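Each chain is listed here by its residues.
Number of protein chains: 4
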Amino acid sequence: MIIVMKTGSSKEQVRNVVERVEELGLHAHLSEGEERTIVGVVGAPLPPDLDERFAALDGVDNVVRITKKFKLAGWDFHPQKTIIDLGDGVTIGGEEISIIAGPCSVESEEQTISTAKWVKAQGATILRGGAYKPRTSPYEFRGLGVKGLEILAQARKETGLKLITEVMTPADVEVVGEYTDIFQIGARNAQNYLLLEEVGKAGKPVMLKRGLSMLMEEWLLAAEYVMAQGNPNVILCERGIRTFETWTRNTLDISTVSVIQSLSHLPVFIDPSHAVGKRAYVASASLAAVAAGADGLMIEVHPDPDRAMSDAAQQLNFQEFADLMPRIGAVAEAVGRVAPSGTTASAA
Amino acid sequence: MIIVMKTGSSKEQVRNVVERVEELGLHAHLSEGEERTIVGVVGAPLPPDLDERFAALDGVDNVVRITKKFKLAGWDFHPQKTIIDLGDGVTIGGEEISIIAGPCSVESEEQTISTAKWVKAQGATILRGGAYKPRTSPYEFRGLGVKGLEILAQARKETGLKLITEVMTPADVEVVGEYTDIFQIGARNAQNYLLLEEVGKAGKPVMLKRGLSMLMEEWLLAAEYVMAQGNPNVILCERGIRTFETWTRNTLDISTVSVIQSLSHLPVFIDPSHAVGKRAYVASASLAAVAAGADGLMIEVHPDPDRAMSDAAQQLNFQEFADLMPRIGAVAEAVGRVAPSGTTASAA
Amino acid sequence: MIIVMKTGSSKEQVRNVVERVEELGLHAHLSEGEERTIVGVVGAPLPPDLDERFAALDGVDNVVRITKKFKLAGWDFHPQKTIIDLGDGVTIGGEEISIIAGPCSVESEEQTISTAKWVKAQGATILRGGAYKPRTSPYEFRGLGVKGLEILAQARKETGLKLITEVMTPADVEVVGEYTDIFQIGARNAQNYLLLEEVGKAGKPVMLKRGLSMLMEEWLLAAEYVMAQGNPNVILCERGIRTFETWTRNTLDISTVSVIQSLSHLPVFIDPSHAVGKRAYVASASLAAVAAGADGLMIEVHPDPDRAMSDAAQQLNFQEFADLMPRIGAVAEAVGRVAPSGTTASAA
Amino acid sequence: MIIVMKTGSSKEQVRNVVERVEELGLHAHLSEGEERTIVGVVGAPLPPDLDERFAALDGVDNVVRITKKFKLAGWDFHPQKTIIDLGDGVTIGGEEISIIAGPCSVESEEQTISTAKWVKAQGATILRGGAYKPRTSPYEFRGLGVKGLEILAQARKETGLKLITEVMTPADVEVVGEYTDIFQIGARNAQNYLLLEEVGKAGKPVMLKRGLSMLMEEWLLAAEYVMAQGNPNVILCERGIRTFETWTRNTLDISTVSVIQSLSHLPVFIDPSHAVGKRAYVASASLAAVAAGADGLMIEVHPDPDRAMSDAAQQLNFQEFADLMPRIGAVAEAVGRVAPSGTTASAA
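Top line first, the protein sequences correspond to chains A, G, X and Y.
With positions in the first sequence counted from 1, the corresponding number in our numbering is that position plus 21.
With positions in the second sequence counted from 1, the corresponding number in our numbering is that position plus 21.
With positions in the third sequence counted from 1, the corresponding number in our numbering is that position plus 21.
With positions in the fourth sequence counted from 1, the corresponding number in our numbering is that position plus 21.
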């Protein structure tokens, strides 16, 4: 960490800064320039909020953190890309693009299982479906709960798909963990730290959606909460951030793919459905994500989107999804990845 | 709700829309213009996500919601301004500007009680202090927990101040409720719906901070979650939103005061400390908030901010707070409010 | 346009609204519901700021515009996609992906011509290079002016590439127009309406960068300014918007591609260089743009980026550009477009 | 400037950085830590884009600029607050709060002069009114041009008010300068650098509105463009920034007042009308601005706002303005400023 003193800061102010550094068991290295004094701070480990602690001291102009705040999520401590093995040949983070698909909410056995069969036939390997739904208004449909989890388990049994479903609160981690293969943490809970720790302890892989206005560094620190509990299997999923533009539901920050891959070994997914929020724009966003280098996609599919109990505007119908999958496969191959099974050019 | 059909939408598309309306037990009222057909939807109650359900139907151009999604928080069902009585003559939402002050985190009995005595002497009526701290990194100080709650209770006993402290997860609502007078829901938990319902059930007043990128309507819907559990005593607290500007920690959206007061009967507070994030700008933000019409302020005060274990850069020291309070009192009186006790012009 | 009156609005307020409608030579159509009155406004043409004029009238709750504000840029008046013919077989908006490449600034004849030859050899058809540079600080390099334009013309002569260069002010339109094939309007001038009209009159094609915080509708209205002068050849270029995220220079709003294509017949380009601002992320953004359906890319290339006089961090060097082009070609073909010449799979 | 090398950067990479520093005629000062090497850059003047030039060099992790990019606008070179004397006893930036008021657009002599007389009687000292109007759509009313300027001059003659009016393009600076006392640069032109230089040369005071998504540092650099032409009389005017919140037209960034005052000696104004965009919220924003420490306000007033040809929703009518002024005066005095003439407590 580097502490830049103001032009004209007094010797006493510099001495005070140095004392604070030493109080914390760290060392201060002074560099006195013509105009300014600069204090280098060395020693380890640096407390993560050290910059904040020094920023308001008298005579301090600027504090610059050099080391990143996240560790387990970064390349330094884990130089290989993370590949998550879900069993039965289903992996995440490898050469093959992974497709998670399914309805926004589990509404019924018929709706869920028909969707599961359809998306499996097109090349998806993981089924999504919400049993516990966070809704902006308390008067909206909030999911079937345990009944929904049972339906998902039934769909897995009939199709062999792996499962991902959202858990919203620490008390539900146990029951959701009995059914799901991957815990999903939604955007609104992206900084619900006690929930992150609880899924960290539960051991199963965790998909962490980016919060609506979360900096990428904060997102990696949220992953760090899960990983610090001993759970290395975290997937980061960008689902659009909130900006001034309102034509799309959110703004898909496509650059997260390459940026996160430069900072972290964790797999990165894109959720095009929430990002754009309108059916007509989902295909374009999906293809962009694969070309950008995403490890997978999470796409909402419903047998009758217009009658869906949540997110009606953004779910694809069966035909739209079937049309999209070979296009995803073609782009995957164009960028040197393995297409989702059943969507390769040769199969198409 | 009004459904605007596209120019050139077919009769079949209009018929389909009308059928969907009727499926939901509502009535459709057609108005066929020269260029477009408009479908009015009447009947009650309208499902809150009705606009979303119709937006993607074939032939639909635009869906306009007319009624607001929140009810209990709005003026229609509650034409008087909410005044919350905390007992012992301490109220929120009346003529007097309420000052909540205290350290970011409860660090020790000495630190907390000395602060409590100081802020009480300057005119604060409610003590703040975090016992459970949400931190961006898992490696930062996260509060003293129950020990912190006990220190707060001791401070209340010694000063007569009321207490507010944050609760982060449903499982902690019971224990926090044994100590606090007001539950604080932090910005990161502003859409943690199960937590909102749990504090709704607990019965004590709830201060709901605005999320970092929360629309005002979403904020009122979060209040609705609390109120729908039978708890009418919700305080809304703006603490800055996230924008592109980085000189301040967040951007204080000062207009929330007048906008929320036009939409809702609930008291509105401003937290200038988190909004600006730097000590030097807290006073200006505080005075602006009172002039804008806020019902109260929540200000971080610490005996030695430079050594604070969290939010060091933004906490005021004792003298800064003492200097600020009479200025708050003067502005309060200038806008026709009652100054915090002990800060009136006559007392000054 | 639909004017929704407030619950409980008086007959007089409704009458006042109707009178205002009629003052403007339009017709009002009343629809009185149980709770509210709704006033439909018909007649043509509706003034573009009509919604604003009615929004603040007493008793009015909400005004909803139905028709879009832009006309010439929309599909209604121009049902074919715009293809711009630059001559010599170079077109924009057709099946082939167009690549504009070149240095941020024209610095010297050697730098510009060597770059032009290189990018031409890799498949670019249009050369970019700034002779007039908008710079955030008045103390930065601001371009070579006419000397820069002459260098660009020399590069065109030697390579056959078409030219695009920025014009910053109406007084320069004439001289820039003597040299360039396409006028570039920069993000900071995206709502410099007099400049838009001046390039509209000049007749040559215009590339309109999106402003840093411009809504897509405002962007199309800026295009409308150009087109209303009789110039149909406008290219829209997304170059990243300003959001809270600071890791990338801007946030590439990749969804602009599909959204603009749904609203307008104009070609859409992506400028990955300005969008991400760091060399390492340009390739991923470029591939994403092509997969999303963009009609072309505008990429900064410099023989020695580290010594560039502007935008050093984001320009690709020759080898990086040469490596990227076949990858762009492969993705183009995967989404059914024609690869830039010389980058086809067969050529690679 | 400080260049932080990556952990594990090679000696060659460090040597390369040092060479580039010396190529620019500056000196490099090496500090080799256990993990990293840090290169301090000294010498003057540092090119303003120096950080950008080094950010992408191999082996560089981070570049930290220490000196600010603006000079003339900062306190270092001008330790007294700027007070602008407009003559006839009208000053800006002193103890008295300045009120600029008037219609959005000059529509007619009757409308402008009646407004001028009214606002003068309430304590305004400067008349605003647009003769050249930037409009989002080319089909909207764009001002009366020179005829509008003549009407403003007539209003000045009849009332003694000073004038401010917008200039949109360099070619109009001369004619606008013949009439106005202050040039207004609108938000859309905040980075129209050639226009900034032209008004810088014209010599009269310049009010510089903040762009919709302009960082405060960029705003000060825009002021620097004007000041670098020898014109020290710049007024900064915050008029709301663009964020995700849409209930208000823009988001008033009230903290600009205290932040700019900490960075610059230039006067700071607030334009509450554009910031909130709805009449009902203008008073609250005005009072907040004065309490925050603003040097003045710019408020839109119209004899019949509902029939205004632009910005109908946000202009105050005469009575609303008359009601607001004494409240502004009271808050001004509460924060130790001088109330606008005629609005003092004693006068009220």
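Hints in this document: simulated from the structure, not taken from any laboratory.
The model shown is predicted, which means the values in this text are computed figures rather than measured ones.
Some hints could be false.
Claimed, not checked - With a straight-line cut-off of 27 Å between C-alpha atoms, the simulated DSS-like cross-links for lysine-lysine are:
1) Y:102 <-> Y:27
2) Y:178 <-> Y:225
3) G:89 <-> A:299
4) A:27 <-> Y:32
5) Y:89 <-> A:27
6) Y:32 <-> G:299
7) Y:32 <-> A:92
8) A:138 <-> A:92
9) A:222 <-> G:168
10) A:92 <-> X:32
11) Y:299 <-> G:102
12) Y:27 <-> A:89
13) G:27 <-> A:299
14) X:299 <-> G:89
Structure-based check of each hint:
1. Only pairs whose Cα atoms come within 27 Å are accepted, and residue 102 of chain Y paired with residue 27 of chain Y is rejected, the gap being roughly 42 Å.
2. With a C-alpha separation of about 19 Å, the suggested pair residue 178 of chain Y and residue 225 of chain Y falls inside the 27 Å cut-off, and the hint holds.
3. For a cut-off of 27 Å, the pair hint linking residue 89 of chain G to residue 299 of chain A stands: about 23 Å separates their Cα positions.
4. For the hint linking residue 27 of chain A to residue 32 of chain Y, the alpha-carbon distance of about 31 Å lies beyond 27 Å, and the restraint is violated.
5. Distance restraint check for residue 89 of chain Y and residue 27 of chain A: the Cα-Cα separation of roughly 11 Å lies within the 27 Å cut-off, and the hinted pair is therefore satisfied.
6. In summary, the hint linking residue 32 of chain Y to residue 299 of chain G is not supported, as the alpha carbons are separated by about 39 Å, beyond the 27 Å threshold.
7. A distance of roughly 26 Å separates the Cα atoms of residue 32 of chain Y and residue 92 of chain A; the hinted pair therefore holds under the 27 Å criterion.
8. Between residue 138 of chain A and residue 92 of chain A the CA atoms are separated by roughly 40 Å; this puts the pair beyond 27 Å, and the hint is violated.
9. A threshold of 27 Å between alpha carbons decides the hint, and for residue 222 of chain A with residue 168 of chain G the separation of about 25 Å falls inside it, so the pair holds.
10. Note on residue 92 of chain A and residue 32 of chain X: the hinted pairing is violated, with a Cα-Cα distance of about 66 Å set against a maximum of 27 Å.
11. Straight-line distance between C-alpha atoms of residue 299 of chain Y and residue 102 of chain G comes to about 22 Å, which keeps the hinted pair within the 27 Å bound.
12. For the hint linking residue 27 of chain Y to residue 89 of chain A, the alpha-carbon distance of about 12 Å falls within 27 Å, and the restraint holds.
13. Proximity of residue 27 of chain G to residue 299 of chain A is assessed by CA-CA distance (about 16 Å); at most 27 Å being required, the pair is judged to hold.
14. Between residue 299 of chain X and residue 89 of chain G, the direct Cα distance comes to roughly 44 Å. Violation of the 27 Å bound is thereby established for this hinted pair.
The structure does not agree with the numbered hints 1, 4, 6, 8, 10, 14 stated previously, though it agrees with the rest.
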